[in-house]
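Asker: Here are the chains, one letter per residue:
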Amino acid sequence: MTCTLTIASNTDSEKVLGTRYSAVSLRQHVEERLETCESVQVDFGGVFVTQSFVDELFGPLILRMGPTVLQRLVFLRCSEDTQAILKLVFATRIRDFSSRQLDQRAVAN
Amino acid sequence: MALCTLVAALARMQRLGREVEVVGLSSEFKRQLEKLDIFGQSLHAAESEKSRTYQGTLHVYWVKSERDGNDIANRIADALVSLIPSSHPAVSALEPVKRYKTITFPLAYIFTELIDNALRHGRGRGYDQASVWLSAQYHSPRGLIRLAVVDDGCGFLQTFQGRDDLRVRSHADAIRAGFRPFTSSKRDVGLFADTQHQGLGLTICRDLALRSEGSVSVVTGNSWMINPEMEGEHSRAAPFWQGAALSVELRLPALNAVNFIEITSRYNPDPDLPIRFV
Chain A
0 MTCTLTIASN TDSEKVLGTR YSAVSLRQHV EERLETCESV QVDFGGVFVT QSFVDELFGP
60 LILRMGPTVL QRLVFLRCSE DTQAILKLVF ATRIRDFSSR QLDQRAVAN
Chain B
0 MALCTLVAAL ARMQRLGREV EVVGLSSEFK RQLEKLDIFG QSLHAAESEK SRTYQGTLHV
60 YWVKSERDGN DIANRIADAL VSLIPSSHPA VSALEPVKRY KTITFPLAYI FTELIDNALR
120 HGRGRGYDQA SVWLSAQYHS PRGLIRLAVV DDGCGFLQTF QGRDDLRVRS HADAIRAGFR
180 PFTSSKRDVG LFADTQHQGL GLTICRDLAL RSEGSVSVVT GNSWMINPEM EGEHSRAAPF
240 WQGAALSVEL RLPALNAVNF IEITSRYNPD PDLPIRFV
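Those protein sequences? They're chains A and B, same order as listed.
So the first sequence is numbered by numbering that gives the first Met the number 0: it starts at 0 and just counts up by one.
So the second sequence is numbered by numbering that gives the first Met the number 0: it starts at 0 and just counts up by one.
Extracted from the complex, chain A is given alone in its bound form (with noise of 0.2 angstroms):
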């Protein structure tokens, strides 16, 4: 089953979702849908973010889950500039991700 969590009607009518705090109840949102759905749609449809914002929004999600959490999630009506702030968060969070895994096997051995 896939399942969709609209951005925008999940916020007040601000435009610009920028802040860490706007963005933590709607990771709660993700955090459901991926409990019960097999792949989420993220509709980022007549709002623009932050890198802020979007890793308080996924990086949790990908420093917990790993990498594979991205093949669950699908990405709808992004901006280029969106895309762009989309990539450089997860690219960065699953680098922080393999180097913890590193340092944890480093500790275990």
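Errors might be hidden in some of the hints.
What the hints assert, rightly or not - Chain B is faced by these chain A residues, among others (derived, beta-carbon under 8 angstroms):
| # | residue |
| --- | --- |
| 1 | E13 |
| 2 | K14 |
| 3 | T18 |
| 4 | R19 |
| 5 | F47 |
| 6 | L69 |
| 7 | V73 |
| 8 | L85 |
| 9 | F89 |
| 10 | T91 |
| 11 | R94 |
Simulated from the structure, these hints should not be mistaken for laboratory data.
All C-beta atoms, glycine included, are put in the ideal place defined by N, C-alpha and C.
Guided by the hints, dock chain B onto chain A, whose structure is given.
Answerer: Relative to chain A, chain B alone:
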């Protein structure tokens, strides 16, 4: 930044129960101070003849909590852009959507990042009651936009305490660390903690400012620095400020040409990462 810092200093004195008299204000600034109803009867502001020639248009806001930050950033960006005449050469040819993307979005972007920075880093370490102030000015003839965010929190140096790997020993070191990509006091707080910053917020704000032919200035502790970690970095000693004061200047004609994708791509360690966009 000076006006915003003045407001923060006045607010601090008001919190301490002091009566404050400020003279020589422009009518615009006096009006803005009076609008901030926190001062009540403790502030007595007087205009001066000399200051009536002040040309800029000013907005001042107080951010009381994280809950308000995003809304205020949007409102102040909208308010600033509404001051730009539609006949201005930098915007006259732009469709409303393009105008929003190239002007309002970068302003709101910078404000949200600076507010987050002030609230999340400035508070804590014994400064939980720190206040955050914003000001924004538009100077029409030059198309100059000035933004400032000032807090009276713990400041950059205390923020980086505990990060021995960064070798931050002075306020100037701390400013540089704050603008270095992937450097944040909250970057490595714990594997499963939710609040782990990437250390890119200030870096991207600085890049946006510089690409719009503007600049970034920071005052914290006894250090004042312009364009940290860049070729044109300039620093000098400053009167001590407990907290952090950041100011960003942007120039309207150049802001239109800023390539946001190019800025973010510079810091992307894996641009070819497959992501499903529909």
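Asker: Hints broken by the structure, by number, lowest first?
Answerer: Those not satisfied: there are none.
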